[in-house]
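Given only the sequences and the hints, what does the whole structure look like? Please build it.
Each chain, letter by letter, is given below.
Protein chains: 2
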Amino acid sequence: MNEQLALGIDMGGTNTAYGFVNKRGEIVRKGSVPTKGHDSVEAFIDELKNTLVPIVAELGKDNLIGAGIGAPNGNIYTGEIVFAPNMPWKGIIPMAKLVGEALGVKAILTNDANAAGIGEMMYGAAKGMKDFILVTLGTGLGSGFVANGQMIYGHDGLAGELGHVIAVRDGRKCNCGRLGCLERYASATGIVITAEEWLAQRDDRSILRLHPGKLTAKAIQDAARKGDTLALELYEYTGKILGQTLADMVAVTSPQAIIFFGGLANAGDMLLQPIKKYLEDNLLNIYKDKVQVLQSALPDADAAILGASALVW
Amino acid sequence: MNEQLALGIDMGGTNTAYGFVNKRGEIVRKGSVPTKGHDSVEAFIDELKNTLVPIVAELGKDNLIGAGIGAPNGNIYTGEIVFAPNMPWKGIIPMAKLVGEALGVKAILTNDANAAGIGEMMYGAAKGMKDFILVTLGTGLGSGFVANGQMIYGHDGLAGELGHVIAVRDGRKCNCGRLGCLERYASATGIVITAEEWLAQRDDRSILRLHPGKLTAKAIQDAARKGDTLALELYEYTGKILGQTLADMVAVTSPQAIIFFGGLANAGDMLLQPIKKYLEDNLLNIYKDKVQVLQSALPDADAAILGASALVW
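Protein chains in written order, with the working numbering: chain A, 1 to 313; chain B, 1 to 313.
Be aware that one or more of the hints could be misleading.
Remember, identical chains collapse to one label, so a pair may be satisfied in a single copy or spanning two.
Within a straight-line C-alpha distance of at most 30 Å, the following computed DSSO-like cross-link-like pairs (lysine-lysine) qualify [what the hints assert, rightly or not]:
| hint | residue 1 | residue 2 |
| --- | --- | --- |
| 1 | 277 | 36 |
| 2 | 173 | 240 |
| 3 | 226 | 288 |
| 4 | 214 | 49 |
| 5 | 127 | 23 |
| 6 | 288 | 173 |
| 7 | 277 | 49 |
| 8 | 90 | 290 |
| 9 | 276 | 173 |
| 10 | 130 | 106 |
| 11 | 90 | 36 |
| 12 | 240 | 49 |
| 13 | 276 | 30 |
It should be emphasised that the hints constitute simulated quantities derived from the structure, not laboratory data.
See below:
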């Protein structure tokens with residue numbers, strides 16, 4: 001086999017998924033290694049190397065053009081992971097350099113949400129679009145803003161932190177130290193916080209009362225699918241906060257679509273319909289009825305791998 | 001004289017300024033015609049034509065490469081002015097077409113704040129910058145977002161409406177029909193509204209009490225320069241609202257600078273220092289101490305003319 005391949009790596013706080021991708025966007029081999037459980041970044045790189053080097057040899061070292069990495073707080077200009085709160089290692093990590101040296105190929109790194117955005121643009125729901133916003137709803141909230149067909153990286157490579165736009169002035173305390181950040185409301189973590197607050201304050205019946213102290217976004221999704229009123233209302237509220245905040249973002253970049261990706265977005269219309277409703281309610285007139293609200297068209301694990309691999313070409 | 005020239009036109013609700021600009025960014029001839037007072041857009045175009053055609057003949061028709069127009073709610077993709085609340089004529093006006101036909105040259109039109117942004121990027125405070133935000137503080141608040149060295153126009157040409165980002169949820173009623181838009185606080189109009197509210201609610205002494213019912217942004221600036229405490233506090237408050245809101249915008253495009261332009265910005269440090277302070281207070285850690293807060297380096301009238309003319313080249 002002499003097909004050129006790019007390695008896409010999607011680095012998360014818990015797991016690191018990888019895929020070898022050809023130019024048509026087909027993942028010819030994929031797998032993952034744990035991110036967690038390594039005391040040092042060197043130990044993690046060792047495991048990654050031990051896993052990948054034999055596969056690279058098998059696929060043909062000469063076929064591998066390079067590696068693209070998507071990681072939280074990744075900076076495309078420096079190749080560094082910069083103070084990522086959800087990663088096991090603190091400070092500034094020169095991850096592109098470490099991965100490149102381990103595999104003997106050139107490596108390029110960007111923010112995980114930016115990588116997913118590039119994946120959607122090349123192979124997914126944003127195919128052919130030049131102006132869109134990608135929102136990843138996972139443990140936190142990540143984003144990639146594309147304008148004029150280009151990812152907005154900003155002067156320092158750190159643009160697109162929609163999760164830390166203030167959604168509620170003087171609202172919930174965020175891990176970043178500020179108050180009211182969007183991701184404290186609109187993420188798997190955020191919806192659970194809302195649920196816990198409501199269950200403590202209210203006394204309406206809900207399946208969710210059966211999970212005291214260990215509520216998850218998945219449990220909320222299951223309850224909502226069974227018609228649980230409080231669970232459905234949680235999506236309504238989360239969609240309201242998202243729709244309101246995104247209406248302001250539309251006024252900045254006037255996108256053709258906003259694409260939602262990640263665990264919480266798997267709730268589908270239960271979440272997307274409230275987002276769409278509150279987005280439209282809050283949009284300036286000139287933007288009304290123009291912005292598509294879409295779910296990612298790529299499998300969760302694949303968008304970031306495909307996007308990261310696309311950095312290489 | 002055989003120098004190539006571009007005509008830059010800055011269209012406002014009251015006046016329309018024009019300038020013939022050479023490739024070095026020098027305005028070789030300028031002037032203005034009233035926008036107001038024409039019952040129809042045709043009558044306005046007639047006056048513009050009668051003024052400009054003799055000048056074009058004098059400068060040499062063959063030297064004129066084209067005309068660039070900056071106008072409120074201008075759409076670069078269609079060349080139309082779209083429902084501009086502050087223009088004398090309502091609805092959709094194909095202004096680029098009308099001006100182009102009147103002068104017999106190709107004409108291109110964009111949003112007035114975008115034109116000013118291009119002017120700053122080519123000849124002003126943003127020279128050499130690839131990522132910045134231009135904010136015009138006039139009767140309303142306009143903006144141009146530049147990322148990767150390109151103006152963000154959005155999929156429909158209508159991006160960059162920072163004035164209609166919600167600064168205060170459920171706040172002041174805006175002309176657009178929504179509540180709490182930034183321009184109701186941070187503009188010549190906005191600061192006067194704040195002043196009138198405060199003068200009615202409070203009883204501290206202020207020079208501004210001498211202007212009952214006819215306060216202007218200029219009167220506030222004059223009072224502040226004389227050390228009037230209430231007037232200075234008005235800049236502090238206006239800067240707070242701007243700084244808070246712009247901190248969210250920085251999280252989207254991570255600009256190298258935010259450049260302020262227009263009548264209210266002429267207050268200089270009285271406004272810029274509070275903006276800088278509240279911007280820094282509200283920024284996510286990774287952006288702190290990186291964003292320059294600057295005043296436009298171009299004369300008020302010239303930035304939009306220069307920017308509009310730059311569309312032609």
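Verification of the supplied hints:
1. 277 x 36: Result: close neither inside a copy nor across copies, 39 Å intra and 39 Å inter.
2. 173 x 240: Both: 19 Å inside a copy, 21 Å across copies.
3. 226 x 288: neither (33 Å within a copy, 46 Å between copies)
4. 214 x 49: So residue 214 and residue 49 fail the 30 Å test inside a copy (36 Å) and across (73 Å) alike.
5. 127 x 23: Within one copy, since 15 Å is at most 30 Å while 38 Å is not.
6. 288 x 173: between (32 Å within a copy, 19 Å between copies)
7. 277 x 49: neither (47 Å within a copy, 47 Å between copies)
8. 90 x 290: Cα proximity of residue 90 and residue 290: across copies only (22 Å, versus 42 Å in one copy).
9. 276 x 173: This pair counts as both: shortest intra-copy Cα distance 26 Å, inter-copy 23 Å.
10. 130 x 106: Intra 28 Å, inter 26 Å, cutoff 30 Å: intra and inter.
11. 90 x 36: Within one copy, since 13 Å is at most 30 Å while 60 Å is not.
12. 240 x 49: Close neither inside one copy (44 Å) nor across copies (50 Å); limit 30 Å.
13. 276 x 30: Neither: 35 Å inside a copy, 48 Å across copies.
Comparing the model with each numbered hint stated earlier shows that hints 1, 3, 4, 7, 12, 13 do not hold.
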